[in-house]
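The lines below spell out each chain.
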Amino acid sequence: MKLFQQASLQRKQTFIIMVTSGVALLLACLAFATYEVITFRRAMISNLSTLAEIVGNNSTAALDFNDRKGAEETLSGLRAEPNIIGAGIYNREGAVFAVYDRAGDNRDFSPPPVRASGYEFKGDSLTLFQPIVRKGDTIGTVFLESDLRALYSRLQRYLVIAIGVFCAAALVSLVLSARLQRMVSGPILDLVRTARSVAHDRDYSVRAARHSQDELGVLVDGFNEMLGQIQHRDLELQRAKDALELRVEERTAELAGANEALQRENTERKQAEETVRRTEELYRRAISGAEAVPYAYDYRTRTYLFMGERIEQLIGYRPEEIAPALWTQIVQESIMLGETAGLDKSEAARRILQGELGNWRCDMRVLTRDRGARWISDASVQTLDESGRPVGSIGILQDITERKQAEEALRAQEERTRLIIDQAFDAVITTDNDYRIIGWNRQAENMLGWARADILGRHLLETVVPPNRRQARRSDLERFNATGEWPDLNRLIEGGAMHRDGRELPVELTITPIRLGSGHIFTIFLRDISQRKRAEAELERVHRQLIETSRQAGMAEVATGVLHNVGNVLNSVNVTATLVEEQVKQSRAIDVGRLAKLFAEHAPDLGTFLTNDPKGRAIPEFLGRLAERLAREHTQALKELAGLRKNVDHIKDIVAMQQSYARVSGVVERVEAADLAEDTLRINEAALARHGIKVLREYHPCPPIATDKHKVLQILVNLVRNAKYACVESGRADKQVTVRVTNGEGRLRIAVIDNGVGIPPENRTRIFNHGFTTRKDGHGFGLHSGALAAKELGGSLTAQSEGQGLGSIFTLELPCQLPDDNNTKIGQARREGIATA
Amino acid sequence: MGRLAATLGLLLAVGQGICGEASFTEYQVKALFLFNFAKYVEWPAEAFASTTSPIVIGVVGDNKFGDQLKKAVDGKSIGGRPLLFRQIEKDDEMAGCHIVFVSASETKRLPDILERLKAKPVLTVSEIERFVEQGGVIGFVKRQDRIRLEIDLDAAQRARLQLSSKLLSVADTVRGKR
Chain U
9 MKLFQQASLQ RKQTFIIMVT SGVALLLACL AFATYEVITF RRAMISNLST
59 LAEIVGNNST AALDFNDRKG AEETLSGLRA EPNIIGAGIY NREGAVFAVY
109 DRAGDNRDFS PPPVRASGYE FKGDSLTLFQ PIVRKGDTIG TVFLESDLRA
159 LYSRLQRYLV IAIGVFCAAA LVSLVLSARL QRMVSGPILD LVRTARSVAH
209 DRDYSVRAAR HSQDELGVLV DGFNEMLGQI QHRDLELQRA KDALELRVEE
259 RTAELAGANE ALQRENTERK QAEETVRRTE ELYRRAISGA EAVPYAYDYR
309 TRTYLFMGER IEQLIGYRPE EIAPALWTQI VQESIMLGET AGLDKSEAAR
359 RILQGELGNW RCDMRVLTRD RGARWISDAS VQTLDESGRP VGSIGILQDI
409 TERKQAEEAL RAQEERTRLI IDQAFDAVIT TDNDYRIIGW NRQAENMLGW
459 ARADILGRHL LETVVPPNRR QARRSDLERF NATGEWPDLN RLIEGGAMHR
509 DGRELPVELT ITPIRLGSGH IFTIFLRDIS QRKRAEAELE RVHRQLIETS
559 RQAGMAEVAT GVLHNVGNVL NSVNVTATLV EEQVKQSRAI DVGRLAKLFA
609 EHAPDLGTFL TNDPKGRAIP EFLGRLAERL AREHTQALKE LAGLRKNVDH
659 IKDIVAMQQS YARVSGVVER VEAADLAEDT LRINEAALAR HGIKVLREYH
709 PCPPIATDKH KVLQILVNLV RNAKYACVES GRADKQVTVR VTNGEGRLRI
759 AVIDNGVGIP PENRTRIFNH GFTTRKDGHG FGLHSGALAA KELGGSLTAQ
809 SEGQGLGSIF TLELPCQLPD DNNTKIGQAR REGIATA
Chain L
743 MGRLAATLGL LLAVGQGICG EASFTEYQVK ALFLFNFAKY VEWPAEAFAS
793 TTSPIVIGVV GDNKFGDQLK KAVDGKSIGG RPLLFRQIEK DDEMAGCHIV
843 FVSASETKRL PDILERLKAK PVLTVSEIER FVEQGGVIGF VKRQDRIRLE
893 IDLDAAQRAR LQLSSKLLSV ADTVRGKR
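For the protein sequence lines, the chains are U and L, in the order given.
Heads up: the first sequence begins at 9 in my numbering, then just goes up one per residue.
Heads up: the second sequence begins at 743 in my numbering, then just goes up one per residue.
The set of hints was computed from the structure by calculation and includes no laboratory data.
Quick caveat, the model's predicted, so the values are computed rather than measured.
One or more hints might be untrue.
Below, simulated PhoX-like cross-link-like pairs (lysine-lysine); rule was C-alpha separation at most 25 Å, straight line [unchecked claim]:
id: 1; chain 1: L; residue 1: K818; chain 2: U; residue 2: K143
id: 2; chain 1: L; residue 1: K884; chain 2: L; residue 2: K813
id: 3; chain 1: U; residue 1: K77; chain 2: L; residue 2: K919
id: 4; chain 1: U; residue 1: K77; chain 2: L; residue 2: K908
id: 5; chain 1: L; residue 1: K919; chain 2: U; residue 2: K143
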């Protein structure tokens with residue numbers, strides 16, 4: 009295309025003509041060819057159809073009578089048509105009935121499966137199916153396939169003719185166009201040459217030649233005319249240009265100067281205006297934001313020189329109505345403030361007018377036009393003349409009703425709070441962050457003896473805090489002020505408070521800090537707990553008494569046991585004594601007396617008597633027998649007496665043990681666990697034996713421990729006694745109590761195991777409770793005090809039971825070594841125990 | 743007609759499906775041929791009572807067609823004439839037929855039968871050997887397992903029957919002058 013643009017007009021014209029005529033020719037040829045092809049194809053189909061009709065008609069009988077040979081003969085007639093490649097006849101059922109294949113070509117024809125009536129053009133052939141119909145009855149189908157050789161050869165011929173025509177036409181039009189185009193392009197080319205020379209040489213005097221009268225002629229005329237005008241203008245322009253340049257330079261200089269001055273001036277004025285506007289805006293906003301009404305008053309004329317419009321919104325009167333007389337009428341109450349505070353209103357006014365005071369501040373309650381009340385504050389300053397005399401004032405009126413109401417509400421609120429605090433059951437003291445007392449309610453007055461008026465402003469540490477606690481409290485406060493930490497804050501703690509008369513009261517107190525500005529104030533709630541303390545002391549006393557009672561009860565029981573034991577032993581003693589008595593009664597020692605009497609009767613003739621008298625002769629023999637008998641009696645008596653002494657020793661032991669049990673406890677000594685167990689069983693021996701309870705002992709070797717023997721004994725005696733009761737209550741025949749001593753992990757364990765009634769699960773947690781018992785005559789204190797005692801000894805008492813009727817195990821666990829300062833520990837444990845109880 | 747075509751179609755389809763062309767029994771083919779003859783033969787006008795009178799096909803002797811022939815013609819019509827099948831019990835009945843098929847069982851009686859039909863517009867057909875030599879119009883002959891036709895044009899002419907040239911073209915042998 010670019011090439012085309014550069015080509016000359018002449019060539020372009022030739023090209024256009026050639027292309028146009030070429031395309032026209034080509035289209036015409038194509039149209040003819042297409043028409044020819046379509047027509048020819050139609051003719052082919054028509055021919056083939058006719059052929060099929062003939063073949064079909066000639067094949068009906070062959071089909072009817074199944075005569076393939078006949079059908080094939082009919083088909084072989086197609087040899088006359090060289091274009092037919094192959095043909096076939098199908099019977100009514102669509103099976104191939106007869107086939108024709110053109111001889112002489114290389115293809116092997118076989119008819120395709122039968123299809124509905126119709127033709128189809130394939131690449132190089134035309135196929136046709138046509139039904140064979142006789143009297144409306146379709147009895148078979150004919151298939152024909154024809155090659156397209158005829159069509160193609162026809163097209164080939166057409167192509168040759170078209171090319172020939174095309175070439176001839178092109179040649180003719182080329183020759184013609186070369187001649188004819190000169191009529192148009194000649195004058196244009198001439199004009200082009202002229203224009204080129206004008207543009208190149210800037211010579212506007214050249215003119216183009218004119219050849220014809222048509223549009224081209226007009227164009228040449230126009231061109232020449234234009235050249236003439238340009239020539240003329242060119243000259244004018246040059247002249248004007250020279251003059252103008254000079255004038256422009258002058259004006260530019262002038263304008264620049266003026267503009268600069270104007271700009272400077274403008275900027276300055278704008279800045280000034282802006283400043284004034286901003287200031288004004290600021291004032292206006294400040295005053296209207298505060299809902300304030302500005303005014304100016306002249307002393308000499310006693311009139312308002314100016315009164316803000318908003319005054320009408322405040323009190324309902326128009327600015328022009330405002331005058332001193334109106335104020336006198338509507339002001340109901342005035343409170344002087346600032347410099348004039350405390351002064352009477354008229355007095356203040358007088359001083360102002362005399363120039364003694366410069367500022368006036370006053371809150372007024374004003375009756376508005378609609379009979380409402382409003383609080384208005386009036387603040388003004390003097391305006392002075394040149395000599396410094398006051399001539400008037402300017403001021404601002406402001407609605408402060410809401411503020412006043414809020415103040416009132418606050419005051420009422422404070423009053424209510426004070427009343428509540430006064431009515432409180434607790435003493436409530438408020439201090440600043442240096443413990444200076446700033447609040448003191450009625451209860452505080454009652455409790456601590458200080459009247460509110462006397463104590464306010466005094467220091468807490470010097471009045472209420474008892475002397476021995478002052479140092480601690482002070483350091484608490486200092487630490488809190490420094491670090492903000494004070495663990496006891498907001499918690500209920502116990503302490504003491506000093507009454508005005510110097511008594512110290514036990515109190516419960518809570519200190520609550522309240523943040524106030526940058527510091528704190530503290531509210532201290534105090535409650536007198538002397539009553540409670542007394543009650544606690546009483547409780548502890550009763551508790552101790554109970555323990556003592558219990559111990560004594562234990563002792564009584566032990567005493568019973570002891571008496572029983574002693575009684576048993578005394579029985580033996582009695583038996584022995586009786587035996588000895590009997591022995592003495594039956595003693596042959598009496599015979600010695602009889603013998604002495606016999607000797608006395610026969611004293612004169614003792615010798616004769618002994619030798620002659622038959623009685624006397626028997627004496628020596630009798631004496632021998634007597635001596636023998638006496639010696640026997642003597643031995644027996646000694647034996648009985650030794651038994652007697654042993655029994656008496658036993659009684660002594662028993663008594664000593666009772667004393668040991670009853671002795672006041674608190675002494676720590678080294679003891680063997682087995683001895684403790686043995687002693688326990690001995691104390692309960694009689695009772696256990698009485699109820700036929702079998703006792704088993706399982707003592708594993710243990711090191712001796714240091715403990716309060718008597719306390720342990722009390723615990724164990726109590727446990728064994730409980731075990732005995734449990735067994736008796738169960739009523740079983742094989743009642744049995746086991747005492748087991750074991751050593752494990754530095755702890756000594758003494759377990760008392762019975763097979764008695766056991767402990768039902770619901771009671772397992774309660775059995776150590778004070779006052780809990782399952783026995784009719786129990787006081788419910790044994791196990792409770794036992795558990796406490798075990799705790800005092802640094803050990804524990806635990807109970808186990810599988811349940812009702814399954815026996816129970818009570819285990820006393822003790823540390824093998826008590827700590828060195830056992831006394832303090834025991835004391836502490838005791839206190840804790842009481843607290844727990 | 744529709745029903746028969748359907749039945750026949752079904753039969754043919756089944757037969758073909760099993761063993762192709764050869765599946766037609768001999769008598770099926772013969773029945774079909776008898777029916778087809780009606781299309782290629784023109785009877786003189788006096789052979790029919792009216793233009794819609796039926797073409798009657800009668801069978802003399804043993805009917806080996808079973809009901810094949812009856813099926814093949816029942817409900818069909820050619821050129822507006824319905825087709826009727828009739829089993830000939832008495833020889834008198836033969837005169838009312840337009841096509842008479844003489845069964846092989848009647849070989850001995852053949853001359854008598856032909857004598858009875860002489861000069862009557864009846865198309866005689868038979869499977870009896872040398873039927874056309876004895877004066878029959880169309881004879882069925884078996885060649886290479888196919889049923890072929892022998893036609894005697896003189897006999898046809900005697901019976902005043904016009905046989906289509908197409909029918910002649912499928913016949914194996916055509917006797918008499920054309």
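Okay, the hints, checked on the actual structure:
Taking the CA atoms of K818/L and K143/U, the gap is about 13 Å. The hint holds against a cut of 25 Å. Of the supplied pair hints, the one linking K884/L and K813/L holds, its CA atoms being roughly 23 Å apart against a limit of 25 Å. Simply put, K77/U and K919/L have alpha-carbon atoms about 23 Å apart, close enough for the 25 Å limit, and the pair holds. Proximity of K77/U to K908/L is assessed by CA-CA distance (about 13 Å); at most 25 Å being required, the pair is judged to hold.
Proximity of K919/L to K143/U is assessed by CA-CA distance (about 29 Å); at most 25 Å being required, the pair is judged violated.
The structure shown violates just one earlier hint, number 5.
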